[in-house]
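> Letter by letter, the chains look like this.
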Amino acid sequence: MKSYPKYFTFWHILAHYGLRFCSLLVLAFLMLPILVIIPLSFNVEPFFSFTEGMLALEPEAYSLKWYAEIWHDDKWLLAIKNSFIIGIFATLIATVLGTLAAIGLSNPAMPWQKLWMAILLSPMIVPLIITAAGMYFFYSQLNLAGSYLGVILAHAALGTPFVLITVNAALSGFDYSLVNASLGLGARPTMTFFKVIMPLIRPGVISGALFAFITSFDEVVVVLFLAGPEQRTIPRQMFSGLREQINPTILAVATLLIIISAMLLFTIEYLRARSERIQSGELDS
Amino acid sequence: MNNNSLSVEEILESKRLLNRKKRLLLLFTLPLLVFIFITFISPIATMLYRSVYHPTVSQLIPLSLAELKNWDEAGDALPPSAALQQFAIELQDLSKQRLSGKLAEEVNRLKPGSSSLIKSSARKLKKTTLEELQENGDSVLLSYSKKWHNIDLWRAVKRAGQPFTDSYYLTTFDLKRNPAGEIEQRDTQIYLKLYWKSLKIAIYITLLTALLAYPLAYYLATAPSKIANRLMVLVLLPFWTSLLVRTTSWIAILQTNGVLNSSLQSLGLIDEPFELLYTQAATIIAMTHILLPFMILPLYSVMKNIDPSYLRAALSLGARPIPAFIKIYLPMTVPGVSAGALLVFIISIGYYITPAIVGGTDGQMISNIIAFHMQSSNNWELAAALGSLLLALIIALYWIYDRLVGVNNIKLG
Numbered sequence: 001m002k003s004y005p006k007y008f009t010f011w012h013i014l015a016h017y018g019l020r021f022c023s024l025l026v027l028a029f030l031m032l033p034i035l036v037i038i039p040l041s042f043n044v045e046p047f048f049s050f051t052e053g054m055l056a057l058e059p060e061a062y063s064l065k066w067y068a069e070i071w072h073d074d075k076w077l078l079a080i081k082n083s084f085i086i087g088i089f090a091t092l093i094a095t096v097l098g099t100l101a102a103i104g105l106s107n108p109a110m111p112w113q114k115l116w117m118a119i120l121l122s123p124m125i126v127p128l129i130i131t132a133a134g135m136y137f138f139y140s141q142l143n144l145a146g147s148y149l150g151v152i153l154a155h156a157a158l159g160t161p162f163v164l165i166t167v168n169a170a171l172s173g174f175d176y177s178l179v180n181a182s183l184g185l186g187a188r189p190t191m192t193f194f195k196v197i198m199p200l201i202r203p204g205v206i207s208g209a210l211f212a213f214i215t216s217f218d219e220v221v222v223v224l225f226l227a228g229p230e231q232r233t234i235p236r237q238m239f240s241g242l243r244e245q246i247n248p249t250i251l252a253v254a255t256l257l258i259i260i261s262a263m264l265l266f267t268i269e270y271l272r273a274r275s276e277r278i279q280s281g282e283l284d285s
Numbered sequence: 001m002n003n004n005s006l007s008v009e010e011i012l013e014s015k016r017l018l019n020r021k022k023r024l025l026l027l028f029t030l031p032l033l034v035f036i037f038i039t040f041i042s043p044i045a046t047m048l049y050r051s052v053y054h055p056t057v058s059q060l061i062p063l064s065l066a067e068l069k070n071w072d073e074a075g076d077a078l079p080p081s082a083a084l085q086q087f088a089i090e091l092q093d094l095s096k097q098r099l100s101g102k103l104a105e106e107v108n109r110l111k112p113g114s115s116s117l118i119k120s121s122a123r124k125l126k127k128t129t130l131e132e133l134q135e136n137g138d139s140v141l142l143s144y145s146k147k148w149h150n151i152d153l154w155r156a157v158k159r160a161g162q163p164f165t166d167s168y169y170l171t172t173f174d175l176k177r178n179p180a181g182e183i184e185q186r187d188t189q190i191y192l193k194l195y196w197k198s199l200k201i202a203i204y205i206t207l208l209t210a211l212l213a214y215p216l217a218y219y220l221a222t223a224p225s226k227i228a229n230r231l232m233v234l235v236l237l238p239f240w241t242s243l244l245v246r247t248t249s250w251i252a253i254l255q256t257n258g259v260l261n262s263s264l265q266s267l268g269l270i271d272e273p274f275e276l277l278y279t280q281a282a283t284i285i286a287m288t289h290i291l292l293p294f295m296i297l298p299l300y301s302v303m304k305n306i307d308p309s310y311l312r313a314a315l316s317l318g319a320r321p322i323p324a325f326i327k328i329y330l331p332m333t334v335p336g337v338s339a340g341a342l343l344v345f346i347i348s349i350g351y352y353i354t355p356a357i358v359g360g361t362d363g364q365m366i367s368n369i370i371a372f373h374m375q376s377s378n379n380w381e382l383a384a385a386l387g388s389l390l391l392a393l394i395i396a397l398y399w400i401y402d403r404l405v406g407v408n409n410i411k412l413g
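So the sequences go chain by chain: A and B.
Quick note on the numbering used here: the first sequence kicks off at 1 and runs consecutively.
Quick note on the numbering used here: the second sequence kicks off at 1 and runs consecutively.
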């Protein structure tokens, strides 16, 4: 039995356990909807609900056929390919531009820092439907609607604020005299960048890139407006599947996406811990 | 003179160096600024422009409108015959190009009932010759129908011809101009009701997330850090999971024979299944789930920095738990609550995907109507006007957020 402070009455202990119980309920509310999808994706029947056989844990009530379905459906294969093509290119653009900009913006000598920051963070703030509508008007005039380039540019714009924030955070404890020292010792600016700045902010850059990638990978509103049938991505395919014909293949895809996001989460948490250690000077490079 | 002070040359030199540094920093930031201006700011600006610029009629009948320019529409005389004649000629031309319907539609918006008049006159004009119209087009046109003698109709034509218009913004407030040009209310309220509904949904979501996040954030902030870090993963995993995945799972849970209804039925709690999917309640429940981490994280970071000894002191001095909590702890968490609430409210008011999938007709919000005007009714100008209003609201809320929390303090994960 745990011991409580002497002033604790019955009500204090009740409040203590009540709080714990409520917290567990909220955690269950957060996790259950995600966990529920995983067994449903192995349903042998074409339903979104548990069959009696599944509840009785009969092996024949479960199957992998919806996973096999993904590999036999050209639409899903195209969507998977598109999601990775668009995500990777958008991430590359966002990471390069965002990292450079963060190096400029995090320096206190930068004029109008706050204004630039507000403008550059705005893609994260403006509701996606407004971004999508505006881009649809504008990109159609440039013949970019319905093209890979249009979607990639749009997703790159949406991803840059995340790179900016993470790299900015990584640079917050950055000692600019290191740059001066490097330049003063005769290193060229590119060398200074890759050998002095980059190793120190690498965790920030990588987690920014992952954020940019997941933003593109998960984005559907802009794709809905800008992409043609050739550029359908995974979320876009799920969206039309949910609206037109609900099919457990969506659940199989959803389970795969949950695994991907879990992996990304653990990578980012690892990088964040590493970045904190670099900033506090516990770790060299 | 003091020997320590810098000479003029040295001051100038340091200024030059500082300016060089500033230019270099700007050079780093410039590529992204240019990129965002082209790919993001320009599209938004185009949309804002589109909400007031509507040149359709001014492109259809430019010459008539030039003639109508000098006509005083406040008076009670018909436009000069030169204008009427020009209008007859241009209408004939439009009729031949099958564009008269477009003009009829545009004028009809301002003066209902004029669509059939313009269309039938256009058909008749097609049969007459250009020479006849150049001779006395005005009387030909006026002879087709008595309605062409109505001054209100000409006022509507002139007003429809203005390339810049506030009419879409009036529509977004359920207002319109009557034929005399005065602003009046529309008979049916669509958009004011929509704003009210969206606002209500966003407020419900904000309150629910605050209610659910508070105890959990408190527990996470006070629990031993080893446990807290592990439980935090359970908060972050939903945060990282695809939006579509989470919406899909709510379909599986809420549908008529879904997880929720079948478990309640097998427990014998209900006889008839709830009809939850495709309702406003479904939008609220699913979005509360999706946005909950946005409330938990700022609350947690504020609570983490509150010294627990304050509450402990109050309790050890004999305060009962609830008054101690309300008087000591709650006021210290206000910054976290307001940051989380603003964030959740801002995100939910502009949400599109989840209401579109689980909301049914009852659970639609502003964004869904914007999408409807973009995709189905093809009224892009109205969509742009609604979007601009929503944008103004979001910017105002972010300004408040910046005052309270500071946008630069946004942290991820």
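These aren't lab readings, by the way, just hints derived from the structure by calculation.
Quick caveat, the model's predicted, so the values are computed rather than measured.
Backbone N, C-alpha and C fix where the C-beta goes; we use that ideal spot for every residue, glycine too.
Incorrect hints may have been included.
If you want a taste of the chain A side facing chain B, the calculated C-beta under 10 Å gives, among others [said to hold, decoys possible]:
hint, residue
1, T9
2, L19
3, C22
4, L32
5, P33
6, L64
7, Y67
8, I70
9, W71
10, L185
11, G186
12, R188
13, P189
14, M191
15, F239
16, L242
With a straight-line cut-off of 27 Å between C-alpha atoms, the simulated DSS-like cross-links for lysine-lysine are [to be verified]:
hint, chain 1, residue 1, chain 2, residue 2
17, B, K22, B, K69
18, B, K176, B, K124
19, B, K176, B, K119
20, B, K69, B, K146
21, B, K158, B, K146
22, B, K119, B, K146
23, B, K69, B, K21
24, A, K195, B, K102
25, A, K114, B, K124
26, B, K119, B, K96
27, B, K158, A, K114
28, B, K124, A, K195
29, B, K96, B, K126
30, B, K21, A, K114
31, B, K96, B, K146
> State for each hint whether it applies.
Quick rundown of the hints versus the structure:
1. T9: OK, holds: T9(A) within 10 Å of chain B, min 8 Å.
2. L19: holds, 6 Å
3. C22: The hint holds - C22(A) has a Cβ within 10 Å of chain B, the shortest such distance being about 4 Å.
4. L32: Cβ of L32(A) sits 8 Å from chain B, so the hint holds.
5. P33: holds, 4 Å
6. L64: violated, 19 Å
7. Y67: Since the shortest Cβ distance to chain B is 15 Å, the answer is violated.
8. I70: I70(A) check fails; min Cβ-Cβ to chain B is 15 Å, beyond 10 Å.
9. W71: With a closest approach of 19 Å, the W71(A) hint is violated.
10. L185: violated, 18 Å
11. G186: Nearest chain B Cβ about 18 Å off; hint violated.
12. R188: violated, 14 Å
13. P189: holds, 9 Å
14. M191: violated, 16 Å
15. F239: holds, 6 Å
16. L242: Hint on L242(A): holds, closest Cβ of chain B at ~5 Å, below 10 Å.
17. K22(B) with K69(B): Not satisfied, since the Cα-Cα distance of roughly 53 Å exceeds 27 Å.
18. K176(B) with K124(B): violated, 32 Å
19. K176(B) with K119(B): Between K176(B) and K119(B) the Cα gap is close to 24 Å, so the pair holds against 27 Å.
20. K69(B) with K146(B): With Cα atoms ~23 Å apart, K69(B) and K146(B) stay inside 27 Å; holds.
21. K158(B) with K146(B): holds, 19 Å
22. K119(B) with K146(B): Cα-Cα ~15 Å, so holds.
23. K69(B) with K21(B): violated, 56 Å
24. K195(A) with K102(B): violated, 64 Å
25. K114(A) with K124(B): violated, 64 Å
26. K119(B) with K96(B): Roughly 12 Å separates the two Cα atoms, so the pair holds.
27. K158(B) with K114(A): Violated - the C-alpha atoms of K114(A) and K158(B) are around 46 Å apart, more than 27 Å.
28. K124(B) with K195(A): violated, 80 Å
29. K96(B) with K126(B): holds, 7 Å
30. K21(B) with K114(A): Distance ~18 Å between K21(B) and K114(A) Cα, so the pair holds.
31. K96(B) with K146(B): Distance ~24 Å between K96(B) and K146(B) Cα, so the pair holds.
Of the hints listed earlier, those the structure fails to meet are numbers 6, 7, 8, 9, 10, 11, 12, 14, 17, 18, 23, 24, 25, 27, 28, in rising order.
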